[in-house]
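Colleague: Protein chains in written order, with the working numbering: chain W, 1 to 126; chain X, 1001 to 1099; chain D, 2001 to 2110.
Hints listed in this document are in silico derivations from the structure and should not be mistaken for laboratory results. These numbers were taken from a predicted model, which means no experiment stands behind them. Please note that a few of the clues may not be correct.
Stated by the list, open to error - Residues of chain D placed beyond 12 Å of chain W at every Cβ, according to the derived structure:
{"#": "1", "residue": "Tyr2010"}
{"#": "2", "residue": "Asp2039"}
{"#": "3", "residue": "Glu2042"}
{"#": "4", "residue": "Tyr2055"}
Stated by the list, open to error - Cross-link-like lysine to aspartate or glutamate pairs, in silico, EDC-like; alpha carbons within 16 Å at most:
{"#": "5", "chain 1": "X", "residue 1": "Lys1040", "chain 2": "X", "residue 2": "Asp1071"}
{"#": "6", "chain 1": "W", "residue 1": "Lys56", "chain 2": "W", "residue 2": "Glu112"}
{"#": "7", "chain 1": "W", "residue 1": "Lys67", "chain 2": "D", "residue 2": "Asp2057"}
{"#": "8", "chain 1": "D", "residue 1": "Lys2105", "chain 2": "D", "residue 2": "Glu2011"}
{"#": "9", "chain 1": "W", "residue 1": "Lys18", "chain 2": "W", "residue 2": "Glu28"}
{"#": "10", "chain 1": "X", "residue 1": "Lys1093", "chain 2": "W", "residue 2": "Glu119"}
{"#": "11", "chain 1": "D", "residue 1": "Lys2073", "chain 2": "W", "residue 2": "Glu106"}
{"#": "12", "chain 1": "X", "residue 1": "Lys1023", "chain 2": "W", "residue 2": "Glu119"}
{"#": "13", "chain 1": "W", "residue 1": "Lys57", "chain 2": "W", "residue 2": "Glu99"}
{"#": "14", "chain 1": "D", "residue 1": "Lys2030", "chain 2": "D", "residue 2": "Glu2014"}
{"#": "15", "chain 1": "X", "residue 1": "Lys1023", "chain 2": "W", "residue 2": "Glu112"}
{"#": "16", "chain 1": "X", "residue 1": "Lys1024", "chain 2": "W", "residue 2": "Glu112"}
Don't be surprised by glycine CBs; every beta carbon is placed ideally from N, CA and C.
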Amino acid sequence: MDEESSGTVKKFAFINRKAPYGTIYALESLEVVLISAAFDQDVSLVFADDGVYQLKKGQGTKAVGMKNFSPTYRALEGYDIEKLYVEKESMEARGLTEEDLIVPVEVLTSQEMATLMDEQDVVLSF
Amino acid sequence: MLHIVNKSPSERNAMSSCLRMAKKGSTILLIEDGVYAATKGSVVEKDLKAAMADMQVYALWPDLEARGMQDTVIDGIKQVDYAGFVDLVAENKNVQSWL
Amino acid sequence: MGFEINGKTYETDEEGYLVNLAEWDEEAAKYLAIEEKVDMTESHWEVVNFLREYYNDYQIAPAVRVLTKAIGKKLGPEKGNSKYLYELFPYGPAKQACKIAGLPKPTGCI
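Okay, chain W solo, but in the shape it has when bound:
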């Protein structure tokens, strides 16, 4: 894992559109993201629609008996995954602002998001 990978670097985007605990999508995506970090690719994370809820501060899952994986988004920086994007329209439609999110993100409009997705070599949909 310490060695530099010799292959070409591709642009990967993970598109997260689901809320965190109702389905397994969010957690699965996060695990794949962490694994992808070992391959030294150019990784971007997109949060749109209910995916924005994954980043909401103050999650506490003790009473529902599930693992609270929201602190793990703060570990991504240590994995050199620093490109996190939130769609402005989705965030605002849910009454959220950047201050409500557990990690710093870049807020993009739908138009900007369209361009970002179009530029990717690989899009992984969750």
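Let chain W serve as the given structure and place chains X and D on it in line with the hints.
Modeller: This is chains X and D only, laid out in the frame that chain W set:
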């Protein structure tokens, strides 16, 4: 870029989010319950027609037929079979599935 | 599967990792270290405690690359390198140290 939508536009927001975040020049393929978006009178008909000015829209006809919606498809939407589905995936650089 | 120390039982998975993080204590760590053939010194405890803190903060066991970098940041460059960590945990710091620290197997460890 190819966008695939497989959810009904009246039950989920997948279709409207796709229309909002698809870049001009993209291709949209409607499959499974997503084919309801391709039919006249759907909740996204207006938006879809507007998007068709600069996007290609396809619907998987076996899914249209299965749902009895084959006779009410919006003009300008092209119908493909499974082989056509594969061609669309192959000829696009990348694919986003609006799950 | 599992083991017992002074009447307290600890459940482990098929690879010997503790199933319940909350069950961990120093006695369990000492037992797991013996199983791993690691002779625990102050330097070993430093890494194990670092890992527990990391897990507490982020809810994951770090990949070895991430662990190395994070240790370097917190404990200094002379400790934040593979050589130092592999000397302490010859079969892989992320794997062995995580096990002793009662953490699950690291995600993203290939």
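Colleague: Which numbered conditions among the earlier hints are violated in the structure presented, ordered from lowest to highest?
Modeller: Violated hints (numbers, rising): 4, 6, 11, 14; every other hint is consistent with the structure.
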